[in-house]
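Trainee: For reference, the chains in residue letters:
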Amino acid sequence: MNLLAKKDPRVSTQNGPRRTIVPRYTVDETADSFVITAFVPGVDRSALETLVEGDTLTIFAHRTWTPPADWTAVYRETPAADYRLVLELDHRVNRDAVRAELNQGVLTLTLPKAEAIKPRRIEIKG
Amino acid sequence: MKLIRYQTSPLFTPGASYPTLRDEMDRLFDVAFPTLSSLQRGGLFGDLEGEFPVDLYQDKDAFTVRAELPGFRKEDISVEMADGILTVTAHQKTDTKPDKKNKETATTIQERRVSRAIALPENLVLDKIQATYENGVLTVTLPKREEVKPKQIAVEVK
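First to last, the sequence lines map onto chains A and B.
First residue of the first sequence? That's 1 in my numbering, and the numbers climb one at a time after it.
First residue of the second sequence? That's 127 in my numbering, and the numbers climb one at a time after it.
Just so you know, these hints were derived from the structure itself, not from any lab.
Hints may contain errors.
[Claimed, not checked] The calculated label-pair distances, taken between Cβ atoms and stated as ranges, are:
id, chain 1, residue 1, chain 2, residue 2, range
1, A, D96, B, V251, 24 to 34 Å
2, A, T108, B, M207, 32 to 42 Å
3, B, V251, A, A31, 51 to 61 Å
4, B, M207, A, V52, 39 to 49 Å
[To be verified] Under 7 Å between C-beta atoms, here's a sample of chain A residues computed to sit facing chain B:
id, residue
5, F34
6, F39
7, D44
8, P67
9, A69
10, D70
11, W71
12, T72
13, A73
14, R76
15, E77
16, V98
17, A100
18, Q104
[What the hints assert, rightly or not] Just a sample of chain A residues kept apart from chain B, beta carbon distances all over 10 Å, derived:
id, residue
19, V52
20, L87
21, D90
22, A97
23, R121
24, E123
On a predicted model such as this, the values are computed, not experimentally measured, just so you know.
The beta-carbon is built from N, C-alpha and C at its ideal position, and this holds for glycine as well.
Let's have the full structure, built from the sequences with the hints guiding it.
Mentor: Written as structure tokens, this is what we have:
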């Protein structure tokens with residue numbers, strides 16, 4: 001985790017070291033892919049970065065909205081933190097074909113299964 | 127002025143069944159460190175199913191409620207103001223994409239219904255309440271009535 005945080009310039013430079021939280025997420029498996037659904041409310045498309053680096057998948061989502069200076073918080077329940085999710089990928093994922101989609105604060109990542117693990121029929125010759 | 131009431135008195139409430147020491151400590155911590163407790167509450171899919179985190183801000187002109195409601199459609203969300211209580215309800219029916227190939231597809235969002243009631247002060251302009259929904263966050267702006275805005279009166283010094 002520490003090594004990754006160092007590699008990621010946004011964590012250390014922009015707005016100082018801002019606290020990050022792990023978003024709520026689920027992982028589902030379909031016949032030909034894995035689907036990660038992460039809930040990142042308050043994040044604009046431009047403030048979201050998904051990075052596949054070797055065996056590591058990193059999702060970094062920056063909360064774009066901050067209250068104007070003259071607003072006072074009467075009551076707060078949401079944490080003022082960015083989202084950061086780091087997942088390990090194994091050999092079953094085709095890293096070159098990861099797709100991401102962000103819709104109203106829900107990030108859907110589709111990770112297709114690698115061809116190598118799909119069942120294949122082997123013809124008998126001769 | 128009424129504020130959001132999400133739990134009863136932070137201290138001991140007579141009449142209720144006797145809470146354990148642990149419950150008391152948890153509640154005291156919730157009051158002392160609201161951000162921590164909201165992290166634990168976890169929002170939409172946390173332990174408290176059916177709730178979602180809400181912030182309330184005010185400036186000199188208006189109150190603003192921000193609610194984190196990821197993954198809904200605009201038309202799934204209803205905002206009502208009655209008797210000084212703002213009620214936000216989001217209801218989404220099961221959104222199953224028919225997929226003949228993958229019958230075991232587990233990636234459908236189940237039907238969910240979440241609701242939250244927020245008590246607000248009475249000095250609001252009810253017909254000027256506005257709501258927007260963007261990036262999974264619902265923002266409701268409730269303008270204050272003119273007379274409750276702080277007025278500046280120039281006093282002439284003779």
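Trainee: Look at each hint and say if it fits the structure.
Mentor: Comparing the hints with the structure gives:
1. For A/D96 and B/V251, the hinted distance range of 24 to 34 Å is not satisfied, since their beta carbons lie about 55 Å from each other.
2. Judged by the Cβ atoms, the range 32 to 42 Å given for A/T108 and B/M207 holds: they are separated by roughly 34 Å.
3. For B/V251 and A/A31, the Cβ-Cβ distance of about 55 Å falls inside the hinted range of 51 to 61 Å, so the restraint holds.
4. Range check, B/M207 to A/V52: Cβ separation about 46 Å, and the 39 to 49 Å hint holds.
5. A hinted interface residue such as A/F34 counts as satisfied when its beta carbon comes closer than 7 Å to some beta carbon of chain B; here the least separation is about 10 Å, so the hint is violated.
6. At about 5 Å, the closest approach between the beta carbon of A/F39 and any beta carbon in chain B falls short of 7 Å, and the interface hint on this residue holds.
7. Taken as an interface hint, A/D44 checks out: its beta carbon lies about 6 Å from the nearest beta carbon of chain B, inside 7 Å.
8. Hint status for A/P67: holds, given a least beta-carbon distance of 6 Å to chain B, under 7 Å.
9. The interface hint given for A/A69 is broken, as the beta carbon of that residue sits about 9 Å from the closest beta carbon of chain B, more than 7 Å.
10. For A/D70, the suggested interface contact is upheld, since its CB lies about 5 Å from the closest CB of chain B, less than 7 Å.
11. Interface hint at A/W71: satisfied, since its Cβ lies 4 Å from the closest Cβ of chain B, which is below the 7 Å cut-off.
12. Residue-level restraint check for A/T72 holds (minimum Cβ-Cβ distance to chain B is 6 Å; threshold 7 Å).
13. Hint status for A/A73: holds, given a least beta-carbon distance of 5 Å to chain B, under 7 Å.
14. With its C-beta approaching chain B no nearer than about 5 Å, A/R76 sits inside the 7 Å limit, and its interface hint holds.
15. Because the beta carbon of A/E77 sits about 4 Å from the nearest beta carbon in chain B, less than 7 Å, this interface hint is met.
16. At about 15 Å, the closest approach between the beta carbon of A/V98 and any beta carbon in chain B exceeds 7 Å, and the interface hint on this residue is violated.
17. This hint is violated: A/A100 has a C-beta 14 Å from the nearest C-beta of chain B, more than the 7 Å allowed.
18. Against a cut-off of 7 Å between C-beta atoms, the interface hint on A/Q104 holds, since the closest Cβ of chain B lies about 4 Å away.
19. Every C-beta of chain B lies more than 10 Å from that of A/V52, the closest at about 20 Å, which supports listing it as non-interface.
20. With 10 Å as the threshold on Cβ separation, the claim that A/L87 sits away from chain B holds: the shortest Cβ distance comes to roughly 17 Å.
21. With a cut of 10 Å on Cβ distances, A/D90 stays outside the contact zone with chain B, its closest approach being about 19 Å.
22. Consistency note on A/A97: stated as away from chain B, and its beta-carbon is indeed over 10 Å from all of that chain's, at 17 Å minimum.
23. Every beta carbon of chain B lies more than 10 Å from that of A/R121, the smallest distance being close to 18 Å; the non-interface claim holds.
24. Distance to chain B confirms A/E123 as a non-interface residue, since its nearest Cβ pair spans about 24 Å, more than 10 Å.
In this structure, the earlier hints numbered 1, 5, 9, 16 and 17 are contradicted, and the remaining ones agree with it.
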